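*Asks:* Take a look at the letters that make up each chain.
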Amino acid sequence: MRKLLKALLEAVGVREIVEAHDGGLAWMAMKKDPVDFALIDWEMYPVDGLELVRKIRTEPDSPNPFLPIIMVTGHTERSRVLKARDLGVTEFLAKPVSAQSLSQRIEELIERPRPYIRTREFFGPDRRRGRKAAGYIGPERRAQ
Amino acid sequence: MSQGAAGASGKKFQVLNPPNQLKAKVGNGGVDEAAVKRMEAAVQGLRGEFESQAKTESVRLAAAAAELLREPNNIEKRQIVYMLAHELRGQGGTYGYPLITRFGDQLCRYLDAADFLDAKALVVVKAAADAIVVVINNGVAGDGGDIGRQLVAMLDKVVAQVKGEA
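Protein chains in written order, with my numbering: chain A, 16 to 159; chain B, 135 to 300.
These are calculated hints, taken from the structure and not from any lab test.
The structure displayed is predicted, hence computed values, not measured ones.
Fair warning: there could be bad hints in the mix.
Claimed, not checked - Computed cross-link-like contacts, PhoX-like style, restricted to lysine-lysine with a CA-CA straight-line distance of at most 25 Å:
#, chain 1, residue 1, chain 2, residue 2
1, A, K21, B, K171
2, B, K171, B, K157
3, B, K189, A, K21
4, B, K211, B, K189
5, B, K157, A, K46
6, B, K260, A, K98
7, A, K47, B, K159
8, B, K189, B, K260
9, A, K46, B, K159
10, B, K189, B, K157
Construct the entire structure; sequences and hints are all you get.
*Replies:* See below:
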């Protein structure tokens, strides 16, 4: 999977790519050399993708809590998507990955970045997107 | 940065707008059509490698499934089958083999949902693993035509039967 993602990123024009086998190695790599965005696979061992996202968003020594993150996963059940979103994932890329699907997610990161929200329980990209965010009229839960 | 207060709780949230560093680096235009075409070509360039790797993985999957049949509630053996199927489902569709993804997904979801693997559950595990192996060994691309339809029907029937009997 890493080979595929690397080839796709190179094709889109990304010149410097740092690879890591698991979340722990990725964390060390990005602390050494800050990155512009991250493609993170949910399934990694011993440190999985969710743990890496949590560290990036919330650890005091995070190299960049605002790092745009694309979570790549075969787990597309709603509960799993919500779990990843609630940890601060920016975009969700379901496997099988295609040129089209990855390019769309990268486009989102570049052209339509969302503000970040910080509450007592959450830090990450606004979970309300586009018109839903602008016209939200439900109960205010952010500060609860 | 802006802050908001909510109702009687008076607790606050912050809205932060960090600089768009990606945009600053890549400029206007985003990902154009030519870039997408280059990405598609990159996928095609890796297809042969995937096909070869998938054959190796299918042998491992068949062996792992056979071991799991012998020790159905060995967590480690179950995890090996799961990870092999998970990896195959994640890549099959990318390279034009959606049936690998479909059957791999059925196997993973079944293992996700089953607390214990009884004799009936093992029928599904074996059927799904067999279906993946058949697709890979026969290079069944796309919807697979007649073979593909037969495999889909066979696995769906096995899953339905097992669920019906449960």
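*Asks:* Does each hint hold? Answer for all of them.
*Replies:* To see whether the hints hold, each was checked on the structure:
{"no.": "1", "hint": "K21(A) - K171(B)", "in the structure": "16 Å, holds"}
{"no.": "2", "hint": "K171(B) - K157(B)", "in the structure": "22 Å, holds"}
{"no.": "3", "hint": "K189(B) - K21(A)", "in the structure": "22 Å, holds"}
{"no.": "4", "hint": "K211(B) - K189(B)", "in the structure": "20 Å, holds"}
{"no.": "5", "hint": "K157(B) - K46(A)", "in the structure": "22 Å, holds"}
{"no.": "6", "hint": "K260(B) - K98(A)", "in the structure": "31 Å, violated"}
{"no.": "7", "hint": "K47(A) - K159(B)", "in the structure": "20 Å, holds"}
{"no.": "8", "hint": "K189(B) - K260(B)", "in the structure": "17 Å, holds"}
{"no.": "9", "hint": "K46(A) - K159(B)", "in the structure": "20 Å, holds"}
{"no.": "10", "hint": "K189(B) - K157(B)", "in the structure": "41 Å, violated"}
Hints 6, 10, counting from the list given before, are not met by this structure.
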